[in-house]
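Undergrad: Assemble the complex: chain A is given as a structure, and chain B must be docked to it using the hints.
Note that the protein sequences, when read in sequence, are chains A and B.
Using my numbering, the final residue of the first sequence is 315, and nothing's skipped along the way.
Using my numbering, the final residue of the second sequence is 570, and nothing's skipped along the way.
It cannot be assumed that every hint is accurate.
Reference excerpt, derived from the structure (chain A facing chain B, CB under 8 Å, subset only) [unchecked claim]:
hint, residue
1, Asn106
2, Tyr120
3, Asn124
4, Arg134
5, Arg144
6, Val145
It is worth saying that the hints were derived from the structure and are not from the lab.
In this text, a Cβ means the ideal position worked out from N, Cα and C, and glycines have one as well.
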Amino acid sequence: MVLTDIPSKIVYERPQMLDPIVTHYCPGCTHGVAHRLVAEVLEEMGEVENTIGVASVGCSVFAYNYFNIDFVEAAHGRAPAMATGIKRVLPNRMVFTYQGDGDLASIGMGEIVGAASRGELLTVVFINNANYGMTGGQMAPTTLPGQVTSSSPTGRDVKRQGHPIQTAELLSTLEGAVYVVRRSLHNSREVRRAKKALRTAFEVQKHGLGFSLVELLSTCPTNWGMTPVEARDWVEERMLTYYPLGDYKVSPAVAELKV
Amino acid sequence: MAKELIKGNTAVAEAALRAGLEAYFGYPITPQTELLEHLSYRMPELGRPFVQAESELGAINMVYGAACTGKRVMTSSSSPGVSLMMEGLSYIAGTEVPAVFVDVVRGGPGLGNIAPAQGDYNQIVHGGGHGDYHLIVLAPASVQEAVDLTGLAFDLAEKYRSIVCIMLDGSLGQMMEPAEIPPMQPLKTEIPDWAVRGTQAGEKRILTSINLDPPAQEVMNYRLMTRWQEIEANEVRYKGYYLDDADFVVVGFGTAGRISLSAVRAARENGIKVGLLRPITLAPFPTTILDELTDSVKGFLVVEMNAGQMLEDVRLVVRGRVPVEFFGRMGGVVPFPDEVLNEIERLIRGPLTTDGHPRDRWLARMADVIG
Chain A
57 MVLTDIPSKI
67 VYERPQMLDP
77 IVTHYCPGCT
87 HGVAHRLVAE
97 VLEEMGEVEN
107 TIGVASVGCS
117 VFAYNYFNID
127 FVEAAHGRAP
137 AMATGIKRVL
147 PNRMVFTYQG
157 DGDLASIGMG
167 EIVGAASRGE
177 LLTVVFINNA
187 NYGMTGGQMA
197 PTTLPGQVTS
207 SSPTGRDVKR
217 QGHPIQTAEL
227 LSTLEGAVYV
237 VRRSLHNSRE
247 VRRAKKALRT
257 AFEVQKHGLG
267 FSLVELLSTC
277 PTNWGMTPVE
287 ARDWVEERML
297 TYYPLGDYKV
307 SPAVAELKV
Chain B
200 MAKELIKGNT
210 AVAEAALRAG
220 LEAYFGYPIT
230 PQTELLEHLS
240 YRMPELGRPF
250 VQAESELGAI
260 NMVYGAACTG
270 KRVMTSSSSP
280 GVSLMMEGLS
290 YIAGTEVPAV
300 FVDVVRGGPG
310 LGNIAPAQGD
320 YNQIVHGGGH
330 GDYHLIVLAP
340 ASVQEAVDLT
350 GLAFDLAEKY
360 RSIVCIMLDG
370 SLGQMMEPAE
380 IPPMQPLKTE
390 IPDWAVRGTQ
400 AGEKRILTSI
410 NLDPPAQEVM
420 NYRLMTRWQE
430 IEANEVRYKG
440 YYLDDADFVV
450 VGFGTAGRIS
460 LSAVRAAREN
470 GIKVGLLRPI
480 TLAPFPTTIL
490 DELTDSVKGF
500 LVVEMNAGQM
510 LEDVRLVVRG
520 RVPVEFFGRM
530 GGVVPFPDEV
540 LNEIERLIRG
550 PLTTDGHPRD
560 RWLARMADVI
570 G
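This is chain B alone, in the form it adopts within the complex:
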């Protein structure tokens, strides 16, 4: 199938539909709305349910209900809307039913703005909803990658009876670029054993997240955590650029990773031995490669469109063995490649330290830049 010029939101919507999406429930919010709009005509065209819910609370709970039938279902929203979905996500996790959602991240906190950001990292990667559970979080850096990860998201959700989030920076949702959307897949015909459907003369099935007996709840918690270990062992995805001989490595995901790649290429042209590690799964986090790189590099530069949220996960792996520096822009401000290049050059010049916190040094440097 030929490539077409297509907007990220629309591409993800069409990719989901072609991956066998059986029902979509959503609520309008910028910069995600094109995803909902696309499915508002495509789903009925194919005779599949599309519901514009009364709220994000409604949307995620419709997903919860439909997911209990074992069908491929999804919702999408943007940061403030995703905050509202946290309740439902916790219940879906607690019931162990597969579901996919897209967070087209915008500037915050609060209403913030509708510009691209990565400030939802902590909320999405480290929970958000109550209780012990993990999401699989996929962070594409291009429209094509978003398309490819959409099909994967459904497969992973079903394989692990887990929630999968496609974290799409607002820029990727809004940007048009050439992408190839895979051909239409047939709808799933197999219904998993656990799915409700009416007893049809068989045993009744109950799907619930309540368990008043703490030891029994703990058994469920243990199952979720050991399943997560399995996911950590099998599902880490990342992309490395120029890592083989790198003295320094930039770590960035999504849009920040893509901008950093431009900076890394510019630095390479100047003879600087710098590479890029772009996590594709933010959860499970690519800890092994990061740990291996720590043994061979002189330092890391973490670049994000937030105040250093993934930074903490990087620091947990590096554990002070080599210096980690940070550069970020917040509130919907997107960094330019030359800003990242300046940071790379600053690292090369040194001096670098493992003392203190990289965020403090970054904030001090930004005092004259911001505002």
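The shape of chain A in the complex, shown without the other chains:
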């Protein structure tokens, strides 16, 4: 028997929800992984044609070019408010925001706290890469103590520039937020766990249980000045210490969900 006689079977391919085009993301950036996970989850749930996405300002500003679904583009930080408007008038649609850390945890802190506290039936995909990616790697509210960025050139000095914000922990204190977890995209095991969390988050919305958010620790090799492999290691060695992975809020109703 020659090799070509083995019957072939496709076991893994691009989700149809992702348009077959090259993204503008840098090599080694995990935005692509996060996009793919969202697409896989919504396809598996059969919700693709019923979903409206809300893009934010940052590297993922053009996320709508890659997802083959209805999308709107919010002002910087305002995605949760915009998503609230959509979900309230179209309660039977899946509505999610896709936001970075500068967008969500700095300029948009008011909107995310408001949406979470009201228990809006939204799912938030929160990408934390510890800097402002699109504008060239400035200090973000998530930048680690001592981390060098283009606007903290000698390293973040917490006495002068304050402490990083632990978003999942912060939002988990709000009653309306019923599912708040932190995952990471730096290795395949964590990617699988991230996908499961995203599935749960969208199921939470589908079942009308409340506000759900998945924080995803992500890489930014270009602005961190690292190779993609070094960037993955940096997430593991540095980010996980300050941003421990885990389930920060799983309400009793969510715990009963069978995913």
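TA: Frame of chain A; chain B shown alone:
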């Protein structure tokens, strides 16, 4: 339907609801709050979304999101809150989705006070948010007119995929007077093609205000500007009083226009040939009638509850052909009809000039009056 004694804010809220308002997003601020309060029980009663937002930023962006679904949506606020909404308004304009907001104007700048004013004219009429865009701005002078313009606001917003502002002086928001609210209209059932809803097996729709390619952005800018020309050609609204034989014409909108009408009537009783032009659309501005009047009158008196903001738009039309004088009160001070009457009589007495700037002459006259 019978007239009822009703407060301006409440009347606008109920009129919006009956015009088919599908969702309201707002934030408390005086002197607008009754509008929000009224809808806080009326909307849930009808099973329609009402959200008290975390801020005016939140409110306008909720409107932005809901407007992207093609539904009739609105917000309301007062001057400092409207300043916060400017970001969202620019994005809504840049995305070409219809939205309605009410600005119940109070004294400023800054926190100012909660008394009636018209100091938001420049911010509302001449932009406020960044980039090239125009709002349609409606300025009622009575509770009934506010009610009537509310229904119109939604129609215009949808017709032109534009933002419509109902600029309600604080006095009109707070004042109670008899008004008839139109009967309940059914909710819109038609969803425009451009509205997001989930692809439902069709092509995806993207609603965004970003366009990194300057020539493509310019195409969008051109579309907005030519649409504005169409609005200027079709949607100018004003009311003229005693204009046919007028030697002098007072120009004033909203509360200032209404007070001026009392003064004009008093002057007419004294045999003075004076009329009133009350713009109802501040944008598009009633330039044609103003231009025609310039050919037949000896002068204009612009009356505002600000430091002469519409005054500049009047001067642009009159272009020094006849004298333009100004009278205003600022910071929440409301002029009395006899103050306006005194100004009319001053115009009659003359001498008048087309030299200098009317604001400078007004400020000099007010030195002894203010403070």
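Undergrad: Each of the hints needs a verdict: does it hold here or not?
TA: Comparing the hints with the structure gives:
no.	hint	result
1	Asn106	holds, 5 Å
2	Tyr120	holds, 5 Å
3	Asn124	holds, 6 Å
4	Arg134	holds, 4 Å
5	Arg144	holds, 4 Å
6	Val145	holds, 5 Å
Figure legend: structure checked against the earlier numbered hints; every hint is met.
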